[in-house]
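Construct the complete structure from the given sequences, taking the supplied hints into account.
So you can see what is in the structure, the chains are spelled out below.
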Amino acid sequence: MKYEAVIGLEIHCELKTKTKIFCGCATGFGAEQNTHVCPVCLGLPGVLPTINRRVVEFGIKAGLATNCTINKYSKFDRKNYYYPDLPKNWQTSQYDLPIAEHGWVDIDVEGEKKRIRLTRIHMEEDAGKLVHSGNTIKDSASSNVDYNRTGVPLLEIVSEPDLRSAEEARAYMEKIKAIMEYIDVSNCRMEEGNLRADINVSLRPVGTTELGTRTEMKNINSFKSLVEAIEYEIERQTEVLEDGGHIIQETRTFDPARGITLSMRSKENAHDYRYMPEPDLPPIVTTEEEIEKFRSELPELPDARRARLEKEYGLSDYDAGILTGSRAMAEYFDAVIATGADAKLAANWIMGDLSKNLNAESITIEKSPVEAKRLGEMILLIMKNTISGKIAKKVFQEMWTSKDAPAKIVEDKGLVQITDTAAIEGIVDEVIAKNEKAVADYKGGNKKAIGALVGQVMKGSKGKANPQMVNELLAKKLQ
Amino acid sequence: MKVTKEDFENVANLSRLSIPDSQTEAYLSQMDAILSYMDNLSEVDTEKVKPTTYALPMENVFRADEVRPSLPRELALSNAPLQEDGYFKVPRVLEE
Amino acid sequence: MKLYEKTAHELHDLLTAKEITATELAEDVFSRVDAVEGEVQAYLTLTRDEALEQAKTVDARIAKGEKLPFLAGIPGAIKDNICTKGTRTTCASKILEHFVPPYDAAVMEKLAKESPVLVGKANLDEFAMGGSTENSAYQKTHNPHDLSKVPGGSSGGSAAAVAAGTAIWALGSDTGGSIRQPASFCGIVGLKPTYGRVSRYGLVAYASSLDQIGPLTRDVRDAANLMNIIAGHDPMDSTSSSAAVPDYTKALTGDVKGLKIGLPKEYFVEGLDSEVETAVRKAVEDFRAMGAEMKEITLPHTKYAISTYYLIAPAEAATNLERYDGVSYGERIDGADLVEMMTNTRTELFGEEVKRRIMIGNYALSAGYYDAYYLKALKVRTLIQQDYMEAFKSVDVILAPTAPTPAFGIGEMVSDPLKMYLQDVCTVPLNLAGIPGLTLPCGVSSAGLPIGLQIIGKPLGEETILGAAYAYEESHDYKNKIAAVGGEKA
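Read top to bottom, the protein sequences are chains G, B and C. The first sequence begins at 1 in our numbering and counts up one residue at a time. The second sequence begins at 480 in our numbering and counts up one residue at a time. The third sequence begins at 576 in our numbering and counts up one residue at a time.
It should be emphasised that the hints constitute simulated quantities derived from the structure, not laboratory data.
Distance condition first, Cα-Cα at most 30 Å in a straight line; then the derived DSSO-like pairs of lysine-lysine:
| id | chain 1 | residue 1 | chain 2 | residue 2 |
| --- | --- | --- | --- | --- |
| 1 | B | 568 | G | 18 |
| 2 | G | 72 | B | 529 |
| 3 | G | 138 | B | 568 |
| 4 | B | 527 | C | 840 |
| 5 | C | 660 | G | 129 |
| 6 | C | 994 | B | 481 |
| 7 | B | 568 | C | 669 |
| 8 | C | 878 | B | 527 |
One side of the interface only, derived from the structure: several residues of chain B facing chain G at Cβ under 7 Å:
| id | residue |
| --- | --- |
| 9 | 537 |
| 10 | 542 |
| 11 | 547 |
| 12 | 569 |
Simulated restraints on C-beta separations:
| id | chain 1 | residue 1 | chain 2 | residue 2 | range |
| --- | --- | --- | --- | --- | --- |
| 13 | C | 640 | G | 95 | 57 to 67 Å |
| 14 | G | 338 | B | 543 | 27 to 37 Å |
| 15 | B | 553 | C | 715 | 28 to 38 Å |
| 16 | C | 591 | B | 518 | 53 to 63 Å |
| 17 | B | 543 | G | 30 | 17 to 27 Å |
| 18 | B | 563 | G | 413 | 57 to 67 Å |
| 19 | C | 715 | G | 256 | 52 to 62 Å |
| 20 | B | 518 | G | 67 | 45 to 55 Å |
| 21 | G | 211 | B | 518 | 33 to 43 Å |
If you're wondering where the values come from, they're calculated on a predicted model, not measured in any experiment. Idealized CB from N, CA, C, for every residue including glycine.
Okay, structure coming up:
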């Protein structure tokens, strides 16, 4: 039997507010343990929460940017479960009236567009962190708790089970990440845990509609793990089903080192969270006018920006998709264009040499050693024929390790393109004299033979001759 | 009995309480009496009634996103039953 | 008359006139503590040294000729579920035996501006759950008027201290009657303000949508003055009202002519002690004689109030008390692993009544029972609120008994929790509706026990009920009767 995977994602997105969701403690990564805590986030007896206005604004923006309906009456609820990283032993979250519901985003996988529905977006507080005394939680005799992260605001973005493969899940998560970056509600730094996903995976025979038993993998915090966990889980579940077995509904952990998921021992007495309305927090009422105001303030979103790049600059759908796939990439591209650089050249350089270098050194585009402005200046030098595309590659590598402007590098290294006809003519004559065979081939009708001659001239000019002029001069002399 | 033994054990577990067998019966009968009394609510027609969560109507009470001082760590930890290196220390965690 | 027998406003006048010093006053109150606290047992923690320091500071201010705030130098008690920075706050529970809050409750910050003298932290039913203060994990407080009787609860320590002369005033908290019922049992004035009138920040939560802090005092004027100090919006409590705070003493005119008073027939039903009924009906007649208009009203859902309250309050309490798990504060009983440690801690350190309410609350919230119990109660709560709002369309205040009986005997009801719950019939509906209520003495039973009259107001109607109470108090002789503890002549 052939199976299809049914996948849903719950993405937790940490918001970039200055303070926590229910108290004035600073958010921020990497502070000393238990220094960003106060009576409120420690859940001391007698404390009360207060809602950070920015969190609600960010929730509404995120909802609008993902085509959700904003609930005009929304409230917080207590989600009760005991865990030492949760000082009150409940998480203040949203149950039946989340800030936003019923949205969608479009993703592209292998050239196909697909619409993924969002069930809901709700606001909630993050939990603290446990540091285990041993290597894993199971072989630790004790654990230490740090409450700095307790109360950092989160949006939980829940998709419908509309995803069918690891690649779709990846594309979906990339799209959510891009949107959250564009609307500037999260830093989306996955390595800092700003963006984490819980994945639900089940299988069903192709052609059927009933959902199979699902397993859940929590706290996946990289695209690589997301893909590997889903692929592994599809393979594992397929084997179980093909052997006539049953999938057990359970939470599994993903071990990134081994690329496999592991059962967490099924002592899972289905959680009874006993949700109840949070009486300490008055409800959030949003008017149509306020919603429209937020909508009007939304920046251009990835899909719109992509369409605009195609239209304005004649970029291909694929190129425009890549260039708008993250806010940082899109802003980099814009900054290159702002120097007056040609859009197609800019696209090629960003997706070519720049991306290759960044990937090789695992640097994000925000931290690129070649800033957008310098890349733009370099492209301008190409456009002005000061350097050739080939020389530009050399200039680019120089720029990667130096802070100098491209013009200075060209100057210092003597890389200015030779456009002096007399100078090029000299080399051309020399090459014609030395390459009788190629000349004869060309004249005998093998027009391709000119390539070898051009190469010789370029070599003779140390790559600095204007290639177009070389071509023209050779063609003329060989007539 | 309204409250079954199973319900009782489930609720004790949800409450992180361990009621010794010797007391179970007394607890059960008291809970039963109380919950039976509360059945008088079923007389009330609430079909078209909205639930009240808040004592008085209020909405949209927000705080500006401005940082306020946190507690000095010694004070944050001052009531900890057990601490270690600036952390709160807890025994072995078996469940995730 | 001894200093400890006076009201706060009388003492304020004496201090201001430099007829007494704050130190003399503090010493007098502490000498009273030394004399009777052994029998009354109103306090869990006495802060004598700090109190005498506070008194000295006030005396220095008097010497400098500063104008004194109302409470400056006046000794008072704070219920031990209100967080006091640096002074342990136990909620009368073993689980918080050594808990010292690193912060002050909002009311403590407001009080601090007045420079009062704090005698100590007053006993209560553990986590404010109870109506007799017998549920304290530490001690039973005795009613100063009859040591064999309970002082009421849960603010039994606060009420007993004020009645016994070991505090001039006190703060309590009221979730289902916990200020009014003990004030009534102890023959003093107690006010539960409108929900949200006083910040709850720093009040250890029992049932968040019902809890409210309020004053327990020797007379109505003191209650009004305390309200002037503690009422008002607090940015730390999102449910606190942003309505402006009036000068409550301005309402104390003594005039009730034309005041429309409602009498709810549902409050005069079976179980009401005949002496209580007689005293309350007499008070009603006295109001009529003073020019008030009487009207029979109906609050038809009153009979469901106990059920509603004892579902909502335990449900909120069950979650509010989840935090006492031995992890980051409070006491811990070790276990082999985390779950065992949490379970041991809670099982061994919570008292029986607290555990019972947690169990009932979690039952009402658990899967399968939520709709039938918790949600149903939230809906009936709506109807109870509507009853009051309907009634207040035609009346200004409502009169009722505060408690169905005078103080009952220690140990009399401990074995029957339901019977104990039914005692709250006159007080819980106000908490469900969020409206204010005041109790003041309106008689004495044949056994010599005080009887309380409850005056119920509209939301934010504290001025009206204080005004009515003042008019009654002025025309009667029940105010400020310090109990002759243990037969001693006060």
